[in-house]
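K.L.:
Sequences are here, hints too, so could you generate the full structure?
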Amino acid sequence: MNISEISPGDLVRGVFLVADLDVRETRNGNPYLRMTLRDREGDSIDGLFFGVSESDISAVTSGKPFDVDGEADEYRNRVNVKITSMRMSEEVWDAEAYLPRSTEDPEALLIAVSEAVDSITSSDIRNVMRTVLSDSEVSTRLARWPAAKIRHHAWLGGLLEHTVEMLRIAEAVAVAFPKLDRDLLVAGVVLHDLGKLYELGLASDIEYTVSGNLEGHMVQGVQILDRALSENAPLEETQTLLRHLVLSHQGQLDYAAVVEPMIPEAIALHYIDQLSSQVRPAIEDIQAAEQRGVRGAFIRGQTAMRSLYVRSE
11 MNISEISPGD
21 LVRGVFLVAD
31 LDVRETRNGN
41 PYLRMTLRDR
51 EGDSIDGLFF
61 GVSESDISAV
71 TSGKPFDVDG
81 EADEYRNRVN
91 VKITSMRMSE
101 EVWDAEAYLP
111 RSTEDPEALL
121 IAVSEAVDSI
131 TSSDIRNVMR
141 TVLSDSEVST
151 RLARWPAAKI
161 RHHAWLGGLL
171 EHTVEMLRIA
181 EAVAVAFPKL
191 DRDLLVAGVV
201 LHDLGKLYEL
211 GLASDIEYTV
221 SGNLEGHMVQ
231 GVQILDRALS
241 ENAPLEETQT
251 LLRHLVLSHQ
261 GQLDYAAVVE
271 PMIPEAIALH
281 YIDQLSSQVR
291 PAIEDIQAAE
301 QRGVRGAFIR
311 GQTAMRSLYV
321 RSE
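Going by our numbering, the first residue of the sequence shown is number 11, and it counts up by one from there.
No wet-lab data here; the hints were simulated from the structure. Careful, some of the hints might be misleading.
Stated by the list, open to error - Below are the BS3-like pairs computed for lysine-lysine, each with C-alpha atoms no more than 27 Å apart in a straight line: (1) Lys92 <-> Lys74; (2) Lys159 <-> Lys92; (3) Lys74 <-> Lys159.
Quantities reported herein were computed from a predicted structural model and do not represent experimental measurements.
P.N.:
Shown next as structure tokens:
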């Protein structure tokens, strides 16, 4: 049974990958399981398993496929499954088969990134960036890695999509602000989230790695950059500016930036990142609501995490 076909009131029966498993309590203090169910199309739906016993709680694990029975319900314009029973599936499975994935051609997107790097006029910066992309592990992961565990571009190939979206925005920003150093801006876009190639892992779900939790993607991104810098050795100031773009792209210390942006290109990079990571989820939430027949109403965007208005036409 495909999740995209599920409507409120449907009886649900199928094999789904369990992710984001959490034990919670009802208002009466009774335990229940809340989880995400994923199908082989990469679609997902919330699953709620009430009236669970201790054996149920211990038997259900995240990152494994389960035979699930239940009934579809709807809460706040979002369909979920009220689970009546579930047991570990004997199906032979590949974890990545259950993860959402990009509909874009990764080869075409990689070419777009490579062409953007080749367009950098500074030979020092261009050579550094070519060295970054020539790392076979970096380029292989970039073709399939997500940009996040949740929220924006949280699917296989999402990081590459996010990067190309930002490159397109950066070109428009560079035209609007000709005093910006376009070379730095393009390099910053490509570099800013490369650390996520090591911050996130794909063992059975999109999860944070040990080094990702302990170091974070900005530190890991600078490590990737430093390897390329050691092979090219541009001017010391150029090295510092490139590191600054990575370390400041979150914008504010409260938002996990190591330092706040202190050059115009870093300020621009932060807001370009915000445009891609905030607008894309809002569009997706509205499209999902429209597919459910919602028109002329406010919804709570589950990906954008904000109130959104779905137009009547």
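K.L.:
Taking the numbered hints from earlier one at a time, note which ones the structure violates and give those numbers from smallest to largest.
P.N.:
none
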